[in-house]
Amino acid sequence: MSLTTAFSTASSSLLNTAAQLSASSRNIDGASNTSYSRKISVTVTNADGSTRINVVRASDLALFNRMKDATSTSAKQTALLAGLTTLQTTVGDVDNETSVAGKLGAFNTALASYTNSPDDPILAQAAVTAAQDLATSLNTASNVVQGARKDADAAIATSVSDVNDLLKQFETANNAVVSATVKGDDLSDVLDARDAILSKLSEEMGISTVTRGNNDMVIYTDSGVTMFDKSPRKVSFEASTVYDGTVTGNAVFVDGVAVTGASATMPLKSGSIAGNAELRDTVAVTYQNQLDEIARTLISDFAEKDQVSTGADKSGLFTNGTDSTIPSTLTKGLAAQISINSAAVVSEGGSALTLRDGGMNGSNYTYNTAGTASYTARLTGVSSALSGTATFDSSTQLGTGISLATFASGSVSWLEGLRSSTSTAADTQKTFLSQASTSLSNATGVNTDQEYAKQLELEHSYQASSKLISIIGSMYDSLFAMIK
Amino acid sequence: MQSSYISTLSWTSASLNAIPRIQTEITKATTEVSTGRLADVGLTLGVRTSHSVDLRTEKNSLQGLVDGNSLIDAMTTRTQSALSAMTTTSNAFLENLLSGQATAGTAPQLETEARAALSSFSSALNSTDGTRYVFGGVNSSVEPMKDYETTASAAVDAAFAAKFGITTTPPQSDPKVAEITATQMQDFLDNEFADLFSDPAWGTNWSNASDEAITKQISPTERATVSVSANDQAMRKLTMAFTMVGYLGVQNLNSNALQAVMDTARTAVTEGVTGMTAAAASIGVTQTRVKAATTQMQGTLDVVNSRISTLEGVDTAEAKTRLDALTNQLSMSYSTTSTLMSLSILNYA
Numbered sequence: 001m002s003l004t005t006a007f008s009t010a011s012s013s014l015l016n017t018a019a020q021l022s023a024s025s026r027n028i029d030g031a032s033n034t035s036y037s038r039k040i041s042v043t044v045t046n047a048d049g050s051t052r053i054n055v056v057r058a059s060d061l062a063l064f065n066r067m068k069d070a071t072s073t074s075a076k077q078t079a080l081l082a083g084l085t086t087l088q089t090t091v092g093d094v095d096n097e098t099s100v101a102g103k104l105g106a107f108n109t110a111l112a113s114y115t116n117s118p119d120d121p122i123l124a125q126a127a128v129t130a131a132q133d134l135a136t137s138l139n140t141a142s143n144v145v146q147g148a149r150k151d152a153d154a155a156i157a158t159s160v161s162d163v164n165d166l167l168k169q170f171e172t173a174n175n176a177v178v179s180a181t182v183k184g185d186d187l188s189d190v191l192d193a194r195d196a197i198l199s200k201l202s203e204e205m206g207i208s209t210v211t212r213g214n215n216d217m218v219i220y221t222d223s224g225v226t227m228f229d230k231s232p233r234k235v236s237f238e239a240s241t242v243y244d245g246t247v248t249g250n251a252v253f254v255d256g257v258a259v260t261g262a263s264a265t266m267p268l269k270s271g272s273i274a275g276n277a278e279l280r281d282t283v284a285v286t287y288q289n290q291l292d293e294i295a296r297t298l299i300s301d302f303a304e305k306d307q308v309s310t311g312a313d314k315s316g317l318f319t320n321g322t323d324s325t326i327p328s329t330l331t332k333g334l335a336a337q338i339s340i341n342s343a344a345v346v347s348e349g350g351s352a353l354t355l356r357d358g359g360m361n362g363s364n365y366t367y368n369t370a371g372t373a374s375y376t377a378r379l380t381g382v383s384s385a386l387s388g389t390a391t392f393d394s395s396t397q398l399g400t401g402i403s404l405a406t407f408a409s410g411s412v413s414w415l416e417g418l419r420s421s422t423s424t425a426a427d428t429q430k431t432f433l434s435q436a437s438t439s440l441s442n443a444t445g446v447n448t449d450q451e452y453a454k455q456l457e458l459e460h461s462y463q464a465s466s467k468l469i470s471i472i473g474s475m476y477d478s479l480f481a482m483i484k
Numbered sequence: 485m486q487s488s489y490i491s492t493l494s495w496t497s498a499s500l501n502a503i504p505r506i507q508t509e510i511t512k513a514t515t516e517v518s519t520g521r522l523a524d525v526g527l528t529l530g531v532r533t534s535h536s537v538d539l540r541t542e543k544n545s546l547q548g549l550v551d552g553n554s555l556i557d558a559m560t561t562r563t564q565s566a567l568s569a570m571t572t573t574s575n576a577f578l579e580n581l582l583s584g585q586a587t588a589g590t591a592p593q594l595e596t597e598a599r600a601a602l603s604s605f606s607s608a609l610n611s612t613d614g615t616r617y618v619f620g621g622v623n624s625s626v627e628p629m630k631d632y633e634t635t636a637s638a639a640v641d642a643a644f645a646a647k648f649g650i651t652t653t654p655p656q657s658d659p660k661v662a663e664i665t666a667t668q669m670q671d672f673l674d675n676e677f678a679d680l681f682s683d684p685a686w687g688t689n690w691s692n693a694s695d696e697a698i699t700k701q702i703s704p705t706e707r708a709t710v711s712v713s714a715n716d717q718a719m720r721k722l723t724m725a726f727t728m729v730g731y732l733g734v735q736n737l738n739s740n741a742l743q744a745v746m747d748t749a750r751t752a753v754t755e756g757v758t759g760m761t762a763a764a765a766s767i768g769v770t771q772t773r774v775k776a777a778t779t780q781m782q783g784t785l786d787v788v789n790s791r792i793s794t795l796e797g798v799d800t801a802e803a804k805t806r807l808d809a810l811t812n813q814l815s816m817s818y819s820t821t822s823t824l825m826s827l828s829i830l831n832y833a
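Residue numbers (our numbering), protein chains in the order written: chain A, 1 to 484; chain B, 485 to 833.
So here's chain B without its partners, still in its complex pose (with noise of 0.2 Å):
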């Protein structure tokens, strides 16, 4: 008889039916028009989750580095400062070496001018970038450098009264000071003085940083030498010229003596001074790295951050058509639903 045959409740229901998915489609639709993405990402992506949790990981570990390498360049900063103030310190004083005739008259004024300068050149030594010594080494929570007066001036003039057979003290002061020859003060100078600038001694008399220069990880693959030891060849140069020229007597030493003096600190100051510039371009080399290291991991991080937006991103333009569909679409289905509610026979019979 009837060729197709329908249920009033299929026929009311049918478009019923549709009006939860499409809300859910709705709520799906405004989430990803208000953040751009994905409304659910893990059920979206499926088995491609991990890309995005190994992208995160990737950018959080490159932020971190990205992080760290600001650190690092305060560091290097400070120790570049450092250096170059001591590199000013030292020339001066050269200067001085150089300028002045070594006289019993302008000794004085030398020793007061090489204290000084070992003082500033220790405290220079000493610096800090705020958490840690920067010349320590990889033991860089203890000052580098120890004070003169309370360590290293005992052994100093133990080792000066040893040598030439004084027994009062201080050693510097007494009247046999005057009659070291030349060769006797060059003899000593050489050996029992430079042994005093040597290991052990040196790290006895002078110094608690340890010889392991700080190494940091500036990107994924690359690490770089951030610091340079206050046992560096240079910086003993430079502690040996102040010292023997501050602490050694030189205003009671005979003229040949003084000049023995004065010609090794000489030496020792320009070797000290080029050492130190060497330094300071070592340094220089790393700064350069951090820098590209950290540009090249930033252009990184972008790319992450695009793959991010790729992965998880929504095309707004997209999803806002898509949401005015489905708008249009839930009130077709209202309507539609009460004019199919309102269709009833009984209204004509």
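Only chain A is shown next, with the shape it has when bound in the complex (with noise of 0.2 Å):
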């Protein structure tokens, strides 16, 4: 071996290491980013028998696969469990008694504690109240539940609008990895910057990816829908600004093709979008009709009959708010609107004893016509229907042919549950992502400590290097001396 061959060993040796050095400290920078892979120096002997070095990034197709997909999931659940405890504030602790069905109990009570004692006027007063708190408590739940559904609705939109962001960012990103790879540049920066858009567009929707050739990546949402595919697809979505009972919300469409609501051919399976249409489209409906039976029941309970002639039954104690007919089957936003007869009502011009009379439509809906104190028909009779079984919408969910007061007590029961459900839901899921991205991170992520003690080794290695040159360069040295 001649001293010129030692001399460039040792001088491509220093490139070498310096190389090494720089993907060193480029890990050492992305060491606390959570979307960098560790960059791997390849030493990569070239034909004529010298070395390069090549950076690769570790990879695991497979983890991220799994973390992308944690990630869609549990978003879904947070999306969908942030959305439930807006609607369990309707409920509250059963000890306050804030729920429809607590406030139903009071009422019954109250009317019971009436009908016991038809003759005290304090007992109606309390009733009558027991029956407003009833319809107010009706009215803020179908407040609270269109309001739920109006914040799903907006955080749809802004999701839809930071998919379709992402879309253009990863559009740029695909050309940067797909002329990188045409080039044989290095391509673990632009593949990192790749991924990081991926993970942030699982979180607005589940997605699935497939790699052709040049690393060229196309998108599709979880339900197979095309998202991305050379270039982005339009994602649309109209907000709808004001929500009662009777508003459906607008679907999504990725490439014109609907991905959300009961019209979807090709429905989200998971991703926060899909957490908030299913709680916009599904269980804040439900919801809402299982109120707007128990509003529809009270009203038909507290009907009242023509005792004269054959009028048509016209609304008692409880009315639809607007005018004086008996709803038959389920009307959607009545518990938005259900109020306390005005007839019954002192402030407004009305008596409390209308309840145990009859007549707040006109005298010939009046039961007590003798106009005695402790009649008590009336009362048994709204009472009992009070406490006798009903008929209910099957879209409700909760049954029918049960009483009013286990259908309000189920309604509870059925939005606690899926509460509770969707709660533990979200906390595997949770735990599941947590360790899919520790995973992954141990898979790809940079370890400090190694990468300083691999900088000593390189800082010997060029220590090494420098010292062989320098010798070689004082052996050319004493020989040019003896020419000399």
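Calculated directly from the structure, the hints in this document are not laboratory data.
There are no misleading hints in this set.
In silico lysine to any residue, SDA-like type, Cα no more than 25 Å apart, as pairs: (1) A:K454 - B:W495; (2) A:K454 - B:Y489; (3) A:K430 - B:A809.
Fit chain to chain and form the complex, with the hints in mind.
This is the structure:
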């Protein structure tokens, strides 16, 4: 081996060491960045026997996909749980009896006390006040439900605009990857950038990806609609600003295909958009239906019958807030409108005694025609209607042919049961996500201690190579000195 | 080369990630220790939350009935004391009827006593418990007994005058009264006069009360009759007895006719007192039933309360132990985190 070869080997070693040091310092730089993957320096031997350093990144596609899926599922459960927690404020702590079921119980008790002493005007007033509380709690609950739907709608709108932004960024990142692949440049940083966008995207909606030639990537939703193929597809959504029981939220469209809502042929399975859509279109709607059915049953249980001729039944203590008709089937949004008949409210010129006597709709509807103070027939009539079984719409998911009190407490159970299972699912998904990201981080992340140790090693290698060069230099020097 | 690899990020964040979870658990445990109830009842009970809601509804409805029973108690007690006052009045009157030989001399005194007895009897029938007239039946907002002078007296006078063909007013002081025979008087008392105390004349002249007694729910399954109506036969008999002695002009009757009045009055008062005792007994039965129902419901309330606390309650000792364990865990987490953070190869280089 000639001195020249030794010199060139030493100087190539210096270059390689510098390249490895550079990769290691990039690793130190990205140590605390979750989307950074470790750069690995690979020594490649060239055809002429010399060596060079290739930088590749540590990656694990399976782990990355697992984390992406866990992120989507967790985001969906978290969005759903947030909505359910909002809905739960309509129940509150059972001890405070703020729920509709609690207010219904309080009203039943007040009505029973009044039925027992119909000649006591204080108890009449107490019963009407309890009825007002009940109607107000239905109104409030309905507002909370629609507020939650509106929030979910707004969250979907934000998510959709994020998705569109991310898809645009993805286009840039993907192009960079493709061109770097074609040119044979260092891919590690551009791939990291592209993966980071995918991670963010998976929070909003569940995605699956396919990689084609030149590392070109295609994104589909988890239901199979193309989101990105060479160029981003349009994700569109029109937010609704006003929500009541009768409003159906708009669907999210990806590339013209509906992915949320009842008519969706390829519905999203995960991601926060799916969670919010489920809350807005299913959970909150069912809960609203339950409230509406409670309101409807109250109105029809207290309906006054014509005592003189064959006039239509008219609403008694509870009304739909506009007229005296009795709804016979599920009326969407009724819970928001139910109110107390002004004929029973003293401050509106009525009298609480109409609860005992009837006649809120004129003298034809008066039950207690003799005006006796301890008349109980009307009160026992409405009490038994309240405690008797009623028919409920199947969309409430609570069964039919049960009493109103059972229905109302069933509604509480339905909500709390859903919240409880969603909370457990969200916790499980969070744990799963945390495990997946730990695994991914361990597979692709950076250990600074190891990098430091490697740098020490490289430092020594650099020192040795430098020393070697200086030795060769001095050897040349002595050689030239002899020639001189 | 290396058997396992751990990134610095997961090395430092492992113990750090545990901290928020432990802190959440600590808040829950603190709430549970201080309230003795589950921190989030709905979340823990899930679908069983309806039990909790139903139990509270049951509790409220039982409490409502217990409260209602105390009102019933006030009403029945008032009824009993009125009945006992009326019995005392009737018995005193009966004693006078029995002891005094009915003569023209004692008649005025008996007449006065009968009028006083009728008045105190009526006022006892008009007793209220503060909210309702207890003898009114379901028509409890109106005084059950009408005032004799303003309503019934005209009917009594008219019947008396018509029977004995008297035209002067008041008919009781007419000289013809002295000529009424015992048979005539007995006939009048048994028919025309007795009719005044039967329906429909009773309702017109004497009473505003309803025949329909007040019944109340005393427990979730039991109803009880809690009132005696002023229309009860006993009340009518007694009113009749007081009226015949007080307002038929007994001081002007001859001794035979007077004797007929006295005999009829005695029978009526005796019957009336017996009826009154029966009424008092039936109210007494109600009072016993109410008391029993209240005791039973209080027992049920205890059971309901204990079921609520079984459902929602937590063992505070357990919660406290859990809190201590969590606090230890948290401080260990802090200490581990700081130890891990200070562990760096740089310190040894």
